[in-house]
Amino acid sequence: MGILEIKNVNKRFGGLKALTDVNLSVAENTVHAIIGPNGAGKSTLLNCLVGKLIPDTGSVMFDGQSVLGRTPYEINQMGISRVFQTPEIFGELTVMENMMIPCFAKRDGSFELNAITSIASQKDVREKAEHMLESMNLAEKRNMHAASMSRGDKRRLEIAMCLAQEPRLLLLDEPTAGMARADTNNTIDLLKQIKAERDITIAIIEHDMHVVFSLAERITVLAQGTPLVEDIPANIKGHPKVREAYLGETQVA
Amino acid sequence: MDAIILQLLNGLDKGSAYALIALGLTLIFGTLGVVNFAHGALFMIGAFCAVTLSKLFNISYETVDPTRKDFLGNPLKIKEPYLEHWFGHDLGATLIDWAVPLAILFSIPIMIAVGFIMERGLIKHFYKRPHADQILVTFGLAIVLQELIKHYYGANPLPTPAPAALTGSFDFGALIGFDPNVVIYPYWRLVYFAFAAVVIGAVFAFLQFTTFGMVVRAGMADRETVGLLGINIDKRFTIMFGIAAAVAGMAGVMYAPINSPNYHMGMDFLVLSFVVVVVGGMGSLPGAVAAGFLLGILESFASMNEIKSLLPGIDQIIIYLVAIIILLTRPRGLMGRKGVMEE
Amino acid sequence: MLGLDKKDFTLLLVVAALVLLAPFILNPFPADSAMAQFNAGYPDLMQRFVIFGIFAIGFNILFGLTGYLSFGHAAFLGVGSYSAVWMFKLLSMNVIPAIILAVIVSGVFALVIGFVSLRRTGIYFSILTLAFAQMSFNLAYSVLTPITNGETGLQITLNDPRILGVSATAEGGIPVTNLFGLEMRGTEVLNIGPWAFQFNNGYYLCGVIMLIAFYISIRIFRSPFGLMLRAIKANKTRLNYTGLNTRPYALAAFVISGMYAGLAGGLLASMDPLAGAERMQWTASGEVVLMTILGGAGTLIGPVVGAGFIKYFENIFSKINESVLHGWFSFLPEGMENGVVWVTEHFVGPGWHLTLGLLFMLVVTFLPGGLVEGGQKLAGLFRRKSKSEAPDGAAQKHPAE
Numbered sequence: 733m734g735i736l737e738i739k740n741v742n743k744r745f746g747g748l749k750a751l752t753d754v755n756l757s758v759a760e761n762t763v764h765a766i767i768g769p770n771g772a773g774k775s776t777l778l779n780c781l782v783g784k785l786i787p788d789t790g791s792v793m794f795d796g797q798s799v800l801g802r803t804p805y806e807i808n809q810m811g812i813s814r815v816f817q818t819p820e821i822f823g824e825l826t827v828m829e830n831m832m833i834p835c836f837a838k839r840d841g842s843f844e845l846n847a848i849t850s851i852a853s854q855k856d857v858r859e860k861a862e863h864m865l866e867s868m869n870l871a872e873k874r875n876m877h878a879a880s881m882s883r884g885d886k887r888r889l890e891i892a893m894c895l896a897q898e899p900r901l902l903l904l905d906e907p908t909a910g911m912a913r914a915d916t917n918n919t920i921d922l923l924k925q926i927k928a929e930r931d932i933t934i935a936i937i938e939h940d941m942h943v944v945f946s947l948a949e950r951i952t953v954l955a956q957g958t959p960l961v962e963d964i965p966a967n968i969k970g971h972p973k974v975r976e977a978y979l980g981e982t983q984v985a
Numbered sequence: 019m020d021a022i023i024l025q026l027l028n029g030l031d032k033g034s035a036y037a038l039i040a041l042g043l044t045l046i047f048g049t050l051g052v053v054n055f056a057h058g059a060l061f062m063i064g065a066f067c068a069v070t071l072s073k074l075f076n077i078s079y080e081t082v083d084p085t086r087k088d089f090l091g092n093p094l095k096i097k098e099p100y101l102e103h104w105f106g107h108d109l110g111a112t113l114i115d116w117a118v119p120l121a122i123l124f125s126i127p128i129m130i131a132v133g134f135i136m137e138r139g140l141i142k143h144f145y146k147r148p149h150a151d152q153i154l155v156t157f158g159l160a161i162v163l164q165e166l167i168k169h170y171y172g173a174n175p176l177p178t179p180a181p182a183a184l185t186g187s188f189d190f191g192a193l194i195g196f197d198p199n200v201v202i203y204p205y206w207r208l209v210y211f212a213f214a215a216v217v218i219g220a221v222f223a224f225l226q227f228t229t230f231g232m233v234v235r236a237g238m239a240d241r242e243t244v245g246l247l248g249i250n251i252d253k254r255f256t257i258m259f260g261i262a263a264a265v266a267g268m269a270g271v272m273y274a275p276i277n278s279p280n281y282h283m284g285m286d287f288l289v290l291s292f293v294v295v296v297v298g299g300m301g302s303l304p305g306a307v308a309a310g311f312l313l314g315i316l317e318s319f320a321s322m323n324e325i326k327s328l329l330p331g332i333d334q335i336i337i338y339l340v341a342i343i344i345l346l347t348r349p350r351g352l353m354g355r356k357g358v359m360e361e
Numbered sequence: 083m084l085g086l087d088k089k090d091f092t093l094l095l096v097v098a099a100l101v102l103l104a105p106f107i108l109n110p111f112p113a114d115s116a117m118a119q120f121n122a123g124y125p126d127l128m129q130r131f132v133i134f135g136i137f138a139i140g141f142n143i144l145f146g147l148t149g150y151l152s153f154g155h156a157a158f159l160g161v162g163s164y165s166a167v168w169m170f171k172l173l174s175m176n177v178i179p180a181i182i183l184a185v186i187v188s189g190v191f192a193l194v195i196g197f198v199s200l201r202r203t204g205i206y207f208s209i210l211t212l213a214f215a216q217m218s219f220n221l222a223y224s225v226l227t228p229i230t231n232g233e234t235g236l237q238i239t240l241n242d243p244r245i246l247g248v249s250a251t252a253e254g255g256i257p258v259t260n261l262f263g264l265e266m267r268g269t270e271v272l273n274i275g276p277w278a279f280q281f282n283n284g285y286y287l288c289g290v291i292m293l294i295a296f297y298i299s300i301r302i303f304r305s306p307f308g309l310m311l312r313a314i315k316a317n318k319t320r321l322n323y324t325g326l327n328t329r330p331y332a333l334a335a336f337v338i339s340g341m342y343a344g345l346a347g348g349l350l351a352s353m354d355p356l357a358g359a360e361r362m363q364w365t366a367s368g369e370v371v372l373m374t375i376l377g378g379a380g381t382l383i384g385p386v387v388g389a390g391f392i393k394y395f396e397n398i399f400s401k402i403n404e405s406v407l408h409g410w411f412s413f414l415p416e417g418m419e420n421g422v423v424w425v426t427e428h429f430v431g432p433g434w435h436l437t438l439g440l441l442f443m444l445v446v447t448f449l450p451g452g453l454v455e456g457g458q459k460l461a462g463l464f465r466r467k468s469k470s471e472a473p474d475g476a477a478q479k480h481p482a483e
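Chains as they are written, first to last, in my numbering: chain A, 733 to 985; chain B, 19 to 361; chain C, 83 to 483.
Check the hints yourself; a few may be wrong.
Below are the DSS-like pairs computed for lysine-lysine, each with C-alpha atoms no more than 30 Å apart in a straight line [what the hints assert, rightly or not]:
1. C:459 with A:873
2. A:927 with C:318
3. C:315 with A:838
4. A:927 with A:969
For the record, the hints were derived by calculation from the structure and aren't laboratory data.
Could you build all of it, start to finish, from the sequences and the hints given here?
Put into structure tokens, the structure is as follows:
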């Protein structure tokens, strides 16, 4: 049993079949990549996992519990954090404030009206945020407005904010999209380091084969809304079906 | 039954006004993506176009008739409007009598000009600003326009009658088999409804059957793509703003005989029209029209004595109540499209 | 100090000093001089400064922090006023129970309206609040007349069945509002030379309450709750994907700002015990939006500055008339004088609203951050200048938020 079990998921938009009989199992503490050409249904699948879309049929279980019908914040509370293709951070706030928000947020998402205590007095939260920033090399930018940072830094901040919640499953949606090669390599190293340091399952949707083969322990190839093959990276590279799906798109390997 | 038909008819003219204003609001919102709080002011300016033309037509010169005396014993002053002087008594008097319908012709160029100036001078700087800023700046503009009107025309309502031939009532009940004088309906309101139907039809036909309209509709659906095709959509949108202003203005002109124009009529109608737009669904033209008539008629039914005695005060709040219920049950309004005004 | 950092505490002290010394500061011209019309140091206007300051501070907690633009906040002010007047009619002329009831009732009212309105965001939220406020306004004028006294407005009469206190004074007059016997209308006049400074009991009560309200708002701004509210404005999606439902936070902000509005309404009624439905009209809601934007939404001091600015100019501009203008411009040649007066008179007297509307447009267009941001930019400009002139740069004080 994987930590994430997707069974017979179908999703259509009007006449368009976005997902057809998707079955996928992500084992705990692995890095699982989902790849596929444009329009293969990768993003639709991801949106079904986080509660933004609801599949027409099928089930999505996280750690034995169904995620279907729950709102994004409830799914997050179960231990799933999501990193967006375009970094979703609090642009108007400073980097430090960005980092403190997940540190303040309770795991169960319960509402707290601590309207009178000052942030400055919350030593443990500040220390935790500070620590996270240091581990991501963002400490010296703590007073910058998050919106004014480079894309690579925004990505790092977003990942740091997700990790501060200590999620069990981290979903990454094309984390290196639009990045320069150097930034891409930094992100790969960062993700490797994250994986080495903690017990975490990472599911990554990616277009860039370089990223996928550097990180993934298992790969699922999605084409036209349905999984084509699932295997370890070494077997995927030369797989004829994959070559076929990708023909003319990207050089595999 | 007769009471129901009467209320249905009564709801039509108010509904027509709501529909016309909401149509313009939606056109502006759909094409330019701007929430225009000054749209009610355009309606008001239209009504004052009618007032102005009727005043202009009545400008008179005085002659003194020494053969007759007034009650103080002074020579009697006779006023004669220039129009009657120029065109002869009959034609002049007819023109004066028909000032309100004629004001439509007078108002169209004025409203289009006002619309162009508003869009080029102010609104276009707010396309990329948050909706809150758009609301606030047009709210400020609405105050300015309303105060200017107040300054020049005073705070009191200015009665502006319909042509004498259309001031009577029409016994609608007798037509469909009720007793005479049970369901009577003023002619002018009927005219208003017919007029609104024609304008709405014309706007839809324009959008549906002309190339210009096609591009605008495409722009409403997906502005960026149309921009990529190299079509100068901005210019068309400016023209759309002028058209929306003209529609609001004409609605105002024709409404002048129903309710004497005053400087705050724009604000009064604006609040309701926004509710209408939201109920119809932000960005949906048919929704705006349908919701306009629906709410006008509901409001009219709620003011029936039988209903008021059952639910006191319902006539005052029915529109808001409906809006709240619709927004909570159908977040996008009756016919709203997905993705419009949603974060 | 008081749980604030040094900068915030200094700001609080400055505001406190301004409030306490207002009768002097706002009265710079001798009583019989030509400039006396620019004085604002009389009780009625000073009370309005601080009361609308409270209203705007509260509105800012909602709009400035969360970005939810409510167009119906005047309804809470009106409800507060009605509650307070009823307390005067039924219980006592002491203002304390009246103010407490005003805050509680408007809080409950805000909870109900906020619960429904906050199910939507953006413009839909604005329209929903507007709809609720107009509904309350219409009801206050019609069916709720037994409670609101319709168009006349709710007033104190000689036959009020007051439980604690008398229906009429021994002289047969209507009793006045007081704070444990201290009459709200009581005013001490201090004559120094040609100046007449007025110290009004009601003003000082309102002033102290405003300081408390301002202090609480600083604490909210600096709290984790305030951070969450700013996060709502910055990015709702990320907050959702951080496991948080934004609605309770926004609702709490809505209720708090509604209670501030109720407090302001209660104070208005305490200074002058009558309440009318026009206080709930949407133009009144627009006014508080303007105050907040003009001063600077999302800043601490902005709303207070905006409220003071608008109430001051409303008062002064409304008093200026044609003859005053002719007096001012009499140094010009006659033709030009008439022209200038003709143009200017549009903007003064009853034309004040025109000025207000123009101001609204100008601020939103050119100064979206409001006067406070404008002041900061100006201060920044000067600082850069003085720095380039004197490289050692004496420690410049930070501009207050």
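Now for the hints, and whether the structure bears them out:
no.: 1; hint: C:459 with A:873; verdict: holds (23 Å)
no.: 2; hint: A:927 with C:318; verdict: holds (28 Å)
no.: 3; hint: C:315 with A:838; verdict: holds (20 Å)
no.: 4; hint: A:927 with A:969; verdict: holds (23 Å)
In this structure, none of the earlier numbered hints is contradicted; all agree with it.
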